[in-house]
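Trainee: In case you want the letters, here they are:
2 protein chains.
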Amino acid sequence: MTQSELIRQIKAKRSFLCVGLDTDLEKIPKFLLDTEDPLFEFNKQIIDATRQYCVAYKPNTAFFEAYGEKGWRSLQRTVEYIGKEHFIIADAKRGDIGNTSERYAKAFFEQMPCDAITIAPYMGSDSVKPFLNFEGKWAIILALTSNPGAEDFEMQNIGGKMLFEKVLETSKNWGSAENTMYVVGATRPELFQAVRKIVPNHFLLVPGVGAQGGSLADVCKYGLNSNIGLLINASRSIIYASAGQDFAEKATEEAKKMAEEMQQYV
Amino acid sequence: MTQSELIRQIKAKRSFLCVGLDTDLEKIPKFLLDTEDPLFEFNKQIIDATRQYCVAYKPNTAFFEAYGEKGWRSLQRTVEYIGKEHFIIADAKRGDIGNTSERYAKAFFEQMPCDAITIAPYMGSDSVKPFLNFEGKWAIILALTSNPGAEDFEMQNIGGKMLFEKVLETSKNWGSAENTMYVVGATRPELFQAVRKIVPNHFLLVPGVGAQGGSLADVCKYGLNSNIGLLINASRSIIYASAGQDFAEKATEEAKKMAEEMQQYV
Numbered sequence: 001m002t003q004s005e006l007i008r009q010i011k012a013k014r015s016f017l018c019v020g021l022d023t024d025l026e027k028i029p030k031f032l033l034d035t036e037d038p039l040f041e042f043n044k045q046i047i048d049a050t051r052q053y054c055v056a057y058k059p060n061t062a063f064f065e066a067y068g069e070k071g072w073r074s075l076q077r078t079v080e081y082i083g084k085e086h087f088i089i090a091d092a093k094r095g096d097i098g099n100t101s102e103r104y105a106k107a108f109f110e111q112m113p114c115d116a117i118t119i120a121p122y123m124g125s126d127s128v129k130p131f132l133n134f135e136g137k138w139a140i141i142l143a144l145t146s147n148p149g150a151e152d153f154e155m156q157n158i159g160g161k162m163l164f165e166k167v168l169e170t171s172k173n174w175g176s177a178e179n180t181m182y183v184v185g186a187t188r189p190e191l192f193q194a195v196r197k198i199v200p201n202h203f204l205l206v207p208g209v210g211a212q213g214g215s216l217a218d219v220c221k222y223g224l225n226s227n228i229g230l231l232i233n234a235s236r237s238i239i240y241a242s243a244g245q246d247f248a249e250k251a252t253e254e255a256k257k258m259a260e261e262m263q264q265y266v
Numbered sequence: 001m002t003q004s005e006l007i008r009q010i011k012a013k014r015s016f017l018c019v020g021l022d023t024d025l026e027k028i029p030k031f032l033l034d035t036e037d038p039l040f041e042f043n044k045q046i047i048d049a050t051r052q053y054c055v056a057y058k059p060n061t062a063f064f065e066a067y068g069e070k071g072w073r074s075l076q077r078t079v080e081y082i083g084k085e086h087f088i089i090a091d092a093k094r095g096d097i098g099n100t101s102e103r104y105a106k107a108f109f110e111q112m113p114c115d116a117i118t119i120a121p122y123m124g125s126d127s128v129k130p131f132l133n134f135e136g137k138w139a140i141i142l143a144l145t146s147n148p149g150a151e152d153f154e155m156q157n158i159g160g161k162m163l164f165e166k167v168l169e170t171s172k173n174w175g176s177a178e179n180t181m182y183v184v185g186a187t188r189p190e191l192f193q194a195v196r197k198i199v200p201n202h203f204l205l206v207p208g209v210g211a212q213g214g215s216l217a218d219v220c221k222y223g224l225n226s227n228i229g230l231l232i233n234a235s236r237s238i239i240y241a242s243a244g245q246d247f248a249e250k251a252t253e254e255a256k257k258m259a260e261e262m263q264q265y266v
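In order, the protein sequence lines correspond to chains V and U.
Its first residue numbered 1, the first sequence is counted upward by one per residue in my numbering.
Its first residue numbered 1, the second sequence is counted upward by one per residue in my numbering.
Extracted from the complex, chain V is given alone in its bound form:
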């Protein structure tokens, strides 16, 4: 999906919500465990329940890999089920030397119809650039993540700035705002100003609103740009809103609530 198509979707729905599919067999409603492919069955119902309120889905590959070959198949089915109207992010945190990154790109951009992959930037330019060679596909580079461990390296001082700022500055010219986004967590909203100084035009994928405690208003205050420029992810607060028969309706309610909160900004 191109940047202009993504913006069009956001404006049409007045939502920049991304629903994270961290699908956990220990958390999904028990009655789904009897189906032939519970991971997919749960995702399918969540997707149907939320698609009108969100513009993106973000399956977390770890939750599928944990079930081996079968889990990988559930992931493939999920991505195919989502379809072309939503921006699909493989939350895979990949990144390796050139010829290997190219293989990861093929896994998610060709074998699966994903639009984007999350990438760990530690290994530098040649580990990221192979993801930028696919028309209409995106690399979403980790900048400042929402977890406590972000303080260990991402927030360390490196030549007068923090490592995540160095990552933004160095990587923003590897591609462009048309094929690169950044992960910036909602749990440290005061740092969005620093991010926007370096990458005013890039889309940011923002985890940490909801279960992790980040606030949508705070993120929007400093993170919005003229193209919206934000995809706000919520996973657990939507997909596990209920563990009962009503899980899909409750997911709809939560997604709708978030989308309505977003309307004022679009």
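Don't read these hints as lab results, they were simulated from the structure.
There could be a bad hint or two in this list.
Claimed, not checked - Here are the simulated BS3-like pairs of lysine-lysine, each with C-alpha atoms no more than 25 Å apart in a straight line:
(1) V/Lys-106 with U/Lys-70
(2) U/Lys-44 with V/Lys-70
(3) U/Lys-197 with U/Lys-172
(4) V/Lys-106 with U/Lys-27
(5) U/Lys-256 with U/Lys-221
(6) V/Lys-256 with V/Lys-11
As the list claims (entries may be wrong) - Now the in silico label distances, taken between C-beta atoms and shown as ranges:
(7) U/Pro-200 with V/Gln-264: 50 to 60 Å
(8) V/Glu-261 with U/Asn-201: 50 to 60 Å
(9) U/Ala-217 with V/Pro-148: 38 to 48 Å
(10) V/Glu-190 with U/Leu-32: 49 to 59 Å
(11) V/Lys-197 with U/Glu-260: 49 to 59 Å
(12) U/Leu-32 with V/Gly-83: 30 to 40 Å
(13) U/Lys-197 with V/Pro-113: 43 to 53 Å
(14) U/Phe-31 with V/Thr-35: 37 to 47 Å
(15) U/Glu-151 with V/Arg-236: 31 to 41 Å
(16) U/Gln-52 with V/Glu-135: 44 to 54 Å
Glycine included, C-beta positions come from ideal geometry on N, C-alpha and C.
Guided by the hints, dock chain U onto chain V, whose structure is given.
Mentor: Just chain U now, with coordinates in the frame of chain V:
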């Protein structure tokens, strides 16, 4: 596999060679493409051809994921075929927030019988620690990689040291030399002294000897410790030594040559 068992294997074979399985359908002998599972068939023959000369195998997960569900199955079969006498490294470069990293650990430590996973440390402590909670299993943390992009961040100055030194210092106490190793590339052997100052007792996984130009003698000069403490990886120089009918024999020759070069150090 425990540290003492790994050391025992190294001493018995007088080799600390790791064979990297970067299995690429475009590079394996053409006649294998007609078999039912070419990725596995190639790996099987390479494993049989090299197992007496190496102590570890390192399947590169990207090359399997690129073929989706079927590739994942080839990876599973490969890991199971290697067996318990070799140290098995899932070269997967994973790492994410705690509950997600735990799922990656389950994927490779429980669904597959791998001994170790390579981990990108960018996200900090809570992205790495979940891998350290599995008895006899290892996290192999990226420190200084062998690619050109290592200069972008890993070698940047951060408070008077390089980022990879900061990673070593910060992470060495998350676990111990019994469950943590580090990736240190052979392409910058002069930096092994800096590494050994910080982690004298940890095993180092060393890519970059062979096709990437690093030298075994240089790495051993500064990298060896009293327990050997090195796993030297070679991928392409062994597995693609020939693309003909004799690929397995040529792989044996290359592995044997490297193992013989290692004998003097064990």
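Trainee: Now look at each hint and say whether the structure bears it out.
Mentor: Checked hints:
no.	hint	result
1	V/Lys-106 with U/Lys-70	holds, 14 Å
2	U/Lys-44 with V/Lys-70	holds, 22 Å
3	U/Lys-197 with U/Lys-172	holds, 12 Å
4	V/Lys-106 with U/Lys-27	holds, 16 Å
5	U/Lys-256 with U/Lys-221	holds, 21 Å
6	V/Lys-256 with V/Lys-11	holds, 16 Å
7	U/Pro-200 with V/Gln-264: 50 to 60 Å	holds, 58 Å
8	V/Glu-261 with U/Asn-201: 50 to 60 Å	holds, 53 Å
9	U/Ala-217 with V/Pro-148: 38 to 48 Å	holds, 43 Å
10	V/Glu-190 with U/Leu-32: 49 to 59 Å	holds, 56 Å
11	V/Lys-197 with U/Glu-260: 49 to 59 Å	holds, 57 Å
12	U/Leu-32 with V/Gly-83: 30 to 40 Å	holds, 37 Å
13	U/Lys-197 with V/Pro-113: 43 to 53 Å	holds, 48 Å
14	U/Phe-31 with V/Thr-35: 37 to 47 Å	holds, 42 Å
15	U/Glu-151 with V/Arg-236: 31 to 41 Å	holds, 38 Å
16	U/Gln-52 with V/Glu-135: 44 to 54 Å	holds, 47 Å
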